[in-house]
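A.B. asks: Got chain A; can you put chain B on it based on the hints?
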Amino acid sequence: MRERFYATMADLLQTDATTALVLADIGPLDLAAGTPAAARVINVGIREQAMMGVASGLALAGLRPVVHTYAPFLVERAYEQIKLDLTHQDVGTVLVSIGASFDAASEGRTHQSPADVALLSALPGWTLHTPGHPDEVEALVRAAARTRDRQYIRLSTQVNPEPVPADGSIHVLRPGGATLLLAIGPTVAAAQEASADLDVTLACTATPFPLDRSTLRQLADQHDRVVVVEPYLEATTAPEVVAALRGRPSDVEYVGVGRAEQRRYGTPSDHARLHGLDAAGIRGRLLRDV
Amino acid sequence: MPSSTGSPPLGQGLPEALLHNLARVTGDEKHEAAAHSTLDTLWVLYEHVLRLDPWESRDRFVLSKGHGPASYYAVLATRGLLPESWLDDLAGPDSRLGHHPDRTLLPPVEVSSGSLGHGLPIAVGLARGMELAGLPSRVHVLVGDAELDEGSNHEAIALAGRWALGRLSCIVIDNCSATLGWPGGIAARFALEGWDTTDVVSADHDALRRALSTSGSAPHLTVVHTAPKGS
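Sequences listed follow chains A and B, in order. Following the numbering used here, the residues of the first sequence are numbered contiguously, the last one being 304. Following the numbering used here, the residues of the second sequence are numbered contiguously, the last one being 226.
Bound conformation, chain B alone:
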């Protein structure tokens, strides 16, 4: 398993427009990788992996780890999925953008999040529902390594494995923030339940794209190793 890569400066392989939009949300031109653990993954996902056309049968992305959504908003704006002007108004009484995203305020957001451990079970239902509806859509869900503490995820990991939900892709952003850790690694827990797994480092966009595009007869896990939180 690749180890974390320390805390490199953010921005390698990312477009200037994205970094500019991120600054609009955060009001801060200086970006530490440790503060934006999801940025690389979200960019690769929206730029290279998600199929959003036609919209009715689009791939779905569920941001389960809803805290710190600046990267998410910046990526959505850069991809033209929300007006860039909305980035300047964060968490005010009339803002569309809050500290946790609300799908009823922000149309490209598939699932409102905030409380941990809800996205993966919903994504399992979405994947099963897409299957029943005969739609080609894949479902990606992003969770944090600390978020995996919530037991609800483990109900969903078992279900997805048993149901062989090949269209489901779970991304765990591992910034080593789980207080009690995951001895033996995160991927092992999914593999035991029948998932295919890949470990990548956040800065390797080619590897990220390959991992996130992988689909087979089993659900797929991508563990993305990023700079440790607070490093």
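Isolated chain A, as found in the complex:
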């Protein structure tokens, strides 16, 4: 996903004179080197507060800033700047993170950001994307460059084998029986494996905020139970699901990243297992074994 993002940005920087890329010493620092677009690749050094302030100023000057660094440093380090410099000023920006919840399992807690989507979902006017495939990343970044609103695109090393349309909608991948399994972003692969031989409907989306409420409502009406698999802090998607299912008695369960610190290193797949986000964990929750 990261490479596709860089390639897409390289193209956008050359073809759209309003696109700017704001970095804090992480990412493609020399993306447009040797071209006139190099002036629009702006590295502020290790200064995340200034990174957001600068993005705000660029937006106020009429540019379309894309801000990129590691997820916890992008979203959590300078959260008040996201709240005030971008949201309260009501300017548009695209934030693109890498690292997700536990891509950096071996780096420890400092490089993990399971709460990023929950934090941004508390602010008005943000569209939050969690793509599961490089094709989705390219589609989302190109679409975001054409607008002037506020968008967050969460890149991960967790990738699904096949892309889905990153158009903001919920898509049914496999129709089935009484349970609706809604997989968000990169959780599709594990959800597919967990439910391959079970009579469940598998659906997915790359955009949890705002969720495609009408499709979820429609699908929920055809099922007795909804299980949401999320790549971030467990139950982050709940407010959107509640809004979609308002007034309808529903059996809804969330499978996501737990709050407790694991205090273990290892690999992303180790952490997926520890959080019950691997195929076995999701299957256990589907079968109510755990």
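Be aware that one or more of the hints could be misleading.
Label-pair distances were calculated between CB atoms; the ranges are [stated by the list, open to error]:
(1) His125(A) x Asp23(B): 51 to 57 angstroms
(2) Asp163(A) x Ala18(B): 29 to 35 angstroms
(3) Ala257(A) x Gly146(B): 23 to 29 angstroms
(4) Ala47(A) x Leu76(B): 38 to 44 angstroms
(5) Arg160(A) x Ser208(B): 39 to 45 angstroms
(6) Ala252(A) x Asp23(B): 49 to 55 angstroms
(7) Ala128(B) x Gly261(A): 46 to 52 angstroms
(8) Gly22(B) x Leu43(A): 34 to 40 angstroms
(9) His62(B) x Ala47(A): 40 to 46 angstroms
(10) Gly146(B) x Thr29(A): 33 to 39 angstroms
(11) Gly22(B) x Asp30(A): 49 to 55 angstroms
Rather than coming from a laboratory, the hints here were simulated on the basis of the structure. Every residue gets a Cβ at the ideal spot worked out from N, C-alpha and C, and that includes glycine.
C.D. replies: Quick look at chain B alone, frame taken from chain A:
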């Protein structure tokens, strides 16, 4: 460096209409200089320094120290940038004017402020953005000496110096309100990062105008010494 000048009566060199508008905002005819530390600077800026025509390529002013904005509102109204009638309705549910300004409610306000330490980093981005957009605009940002406590300013001071943002002008209103002080002076901290600096006293409007009009290849700092807070 000039020292503070005590607490002179406010109003020397300021038009009657401005003082009248200030009274409309505050509901108080009596003005102490210590309570309106930004008034001289804002007046000189809007009367003599900012180029606002054509509006699309206007100079930008960012009030980072958003608390106590009565002087700001009074100056904007006196310069015809907001209806004077709005001055009579401060911080009510339908007011355009609050205790901190909101750019979405008040069009001439470039940046909404309140929480300290946000204006200077935004102004750095604005200056860089104007440069990229090929616009002639200068960017002025006003901060308080106590506001400089916030670390975010120091990220921005370093960036502006390294980027040699000659179109950026930072104004620090120094009313000696930083609790732990700035030993060696405020200007020294900017100068170390490559800024040009000038110290002036608030009441000297000619010096203020010269300092705020100064631009070169480096960003420019004007430290405005005013009556100490609470004096």
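A.B. asks: With reference to the structure, classify each hint as holding or not holding.
C.D. replies: Okay, the hints, checked on the actual structure:
Our hint of 51 to 57 angstroms for His125(A) and Asp23(B) holds, since their Cβ atoms are close to 54 angstroms apart. The hint said 29 to 35 angstroms for the Cβ distance between Asp163(A) and Ala18(B), and at roughly 42 angstroms that hint is violated. The given range of 23 to 29 angstroms is broken by Ala257(A) and Gly146(B), whose C-beta atoms sit roughly 38 angstroms from each other. The hinted range of 38 to 44 angstroms is satisfied by Ala47(A) and Leu76(B), whose Cβ atoms lie roughly 43 angstroms apart.
Between Arg160(A) and Ser208(B), the C-beta spacing of about 40 angstroms keeps the proposed range 39 to 45 angstroms intact. Restraint check, Ala252(A) to Asp23(B): a C-beta distance of roughly 50 angstroms satisfies the suggested window 49 to 55 angstroms. Distance hint check for Ala128(B) and Gly261(A): the Cβ-Cβ separation is about 49 angstroms, which falls inside the suggested range of 46 to 52 angstroms. Checking the proposed 34 to 40 angstroms range against Gly22(B) and Leu43(A) shows it is violated: the Cβ atoms sit about 54 angstroms from each other.
Checked against the hint of 40 to 46 angstroms, the C-beta distance between His62(B) and Ala47(A) comes to roughly 43 angstroms, which is consistent with it. Evaluation of the 33 to 39 angstroms hint for Gly146(B) and Thr29(A) yields a pass: the beta carbon distance comes to about 37 angstroms. Our hint of 49 to 55 angstroms for Gly22(B) and Asp30(A) holds, since their Cβ atoms are close to 50 angstroms apart.
Hint compliance for this structure: hints 2, 3, 8 are not met, and every other hint is.
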